[in-house]
Amino acid sequence: MAEHLFQFVIWCVALLVLMVLLWLVYGLLDHGLAKLSFEFLLSEPQNAGRDGGIISILVATLLILAVTLLAALPLGLASAVWLAEFTATHHFWARKVRLALDVMAGVPSIVFGLFGYAFFGIFMGMGFSVLSGGLTLACMILPVFIRTCEIGLRGVNNSWRQGAAALGMPKIKAVWYILLPAAMPAISAGLILGIGRATAETAALMFTSGYVDRMPESVMDSGRALSVHIYDLSMNVTGGDAAAQASALLLLMIIIVLNMLAYAVTDLWLGRRLSNDLA
Amino acid sequence: MFQPHADRIAKPLLAAAALVCAAVLVLIIAVIISGAWPALISQDLVVFITDASWYPLEGQFGMLSMLLASLLVMMIAILLAAPMGIICAIFIAYIAPVRVQKIYRFAIALLAGMPSVVLGLWGLTVLVPLVNKWSPPGLSLLLAGIVLAVMILPTVALTSLAAFKSLPIALQQAASALGVRQHVQILKVFIPAASAAILSGMLLAMARALGETMVVLMVAGNVVQFPSGLMEPVRTLTANIALEMAYATDQHRAALFVSGLLLTAMVLVMMSFAARIKGHNDYG
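Same order as they appear, the protein sequences are chains R and U.
Everything in the first sequence is counted per the working numbering, starting at 1 for the first residue and increasing by one.
Everything in the second sequence is counted per the working numbering, starting at 1001 for the first residue and increasing by one.
Each hint should be verified, as a subset may be incorrect.
[Claimed, not checked] Here chain R is said to cover these stretches of chain U; the calculated rule only asks that three of the stretch's residues, wherever they fall, bring their Cβ under 8 Å from a Cβ of chain R:
| # | region |
| --- | --- |
| 1 | 1013 to 1022 |
| 2 | 1098 to 1112 |
| 3 | 1116 to 1130 |
| 4 | 1251 to 1263 |
[Stated by the list, open to error] Rough simulated footprint, nothing fancy, chain U against chain R, three-plus residues with beta-carbon under 8 Å:
| # | region |
| --- | --- |
| 5 | 9 to 23 |
| 6 | 27 to 38 |
| 7 | 95 to 103 |
| 8 | 113 to 126 |
| 9 | 171 to 177 |
| 10 | 235 to 248 |
Worth flagging that the hints you see were computed from the coordinates, not collected in a lab.
In this text, all values refer to a predicted model and were calculated from it rather than measured experimentally.
Ideal placement from N, C-alpha and C gives every residue a C-beta, glycine not left out.
With the sequences and hints as input, model every part of the structure.
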């Protein structure tokens, strides 16, 4: 009896949570699907975003993302390689770097916004720009990216390192030609996670990349990210709801695709690790 | 030890990259403190958090009501999200059939990646009109807590799930060998055994709720007032920064940086507790 009651309660709560997710998705489809079309994606916003489309918003979002990745990818990879391959786990500075990254992962996004505004915007003189927003996001995603890459590198079977060392390969070459390719699924998963976080972020961009909804001509122009567009339309523009819902639906679709990619890539990685261990 | 030439060049470069990443944190803290400095020297820190009158134009920067609103919204969120998140983890780990398990995990992961601005929009356009019917204006402390709960539920669920999965298999074998029924196993063996990690996950979720901006900005109503009831509109510290940063100058702006500093400090205290409860970490 108690057994059945227990199972019943668990199933009910599990279904409830699933219903909330479906309700959320249904709400977006219901309000936004009618507006979402190729014409919406490919035309300029007009009348503060109420009419027209979101092409300049999409371009700005991609530019911000490009800046973020250009900054975070080399820096993050190099740090992860150093942490995983070139230092002992209990090396003094390695421990300090890990602590700093974990602390950084906890800093609220609005505080990243304050930091980006004061440092990149004012102190470095970038003002409200795609560059300033992208660099702020890069700081934000570094911790997660470095951690996943480090875990991925540590997961590579040790015999590969020994083989490379036995052949007299310098460590850095072993990293480049053997370990990084072997850890590629984990690195890609980390990258996709980072892209997802950066695309979803709003608060850190409001005072760094700004609100201007014109087509950005360079990275020094202000550009409005998709998430900021959704916020602005729903809160500050009366009658902007349909466009906000359509943009949110698009953002959700992007996140779903990124999630599925990350899932597939992680499965691949787990599969490959298993076959390595068996071999 | 012999080191090839290539490594002797590469190692300091890689180390420099890692130190740059760590230096970003120092930079963030330095920038926030220097932004807050003008307010910190003109007013005692205690006044900021014990005074409830926030009138930036008259130079009064008491944050008590917004601080309370932030904490209350967080408490509502975790009170809802903790039991449901743990139950979701139990569902995935012990109850669901294999196929359901995979789909359900994906759903939770999707919820975890949900942009907070999308959740806020859902709250604003779907939930607020519903609540508005029986308790206008609808934008309220309670609703912000509920939407935040949806946001942090995956954090609780995924950390609890990881905790259940890392329990030694012998635990289950011993319990089964003794003929303990499944629900008693879960309630009396697995949950107590995983409790430290679950608690640590809850603290992480609370830290996320406290630092979240978009959901509360869009759903809580943004009225600066002492939170006197669940259905009252309130403004949190994070929402306040987002709303006023655009036009704040001088002392007012410095006061916003102070609230940023305060938020960061609270979040970091929670996270360090979370790390301590969980025990092992690799920076010792």
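A quick look at each hint next to the structure:
no. : hint         : verdict
1   : 1013 to 1022 : holds (count 9)
2   : 1098 to 1112 : holds (count 7)
3   : 1116 to 1130 : holds (count 10)
4   : 1251 to 1263 : holds (count 4)
5   : 9 to 23      : holds (count 11)
6   : 27 to 38     : holds (count 3)
7   : 95 to 103    : holds (count 9)
8   : 113 to 126   : holds (count 7)
9   : 171 to 177   : holds (count 3)
10  : 235 to 248   : holds (count 5)
In summary, the structure agrees with every hint in the numbered list given earlier.
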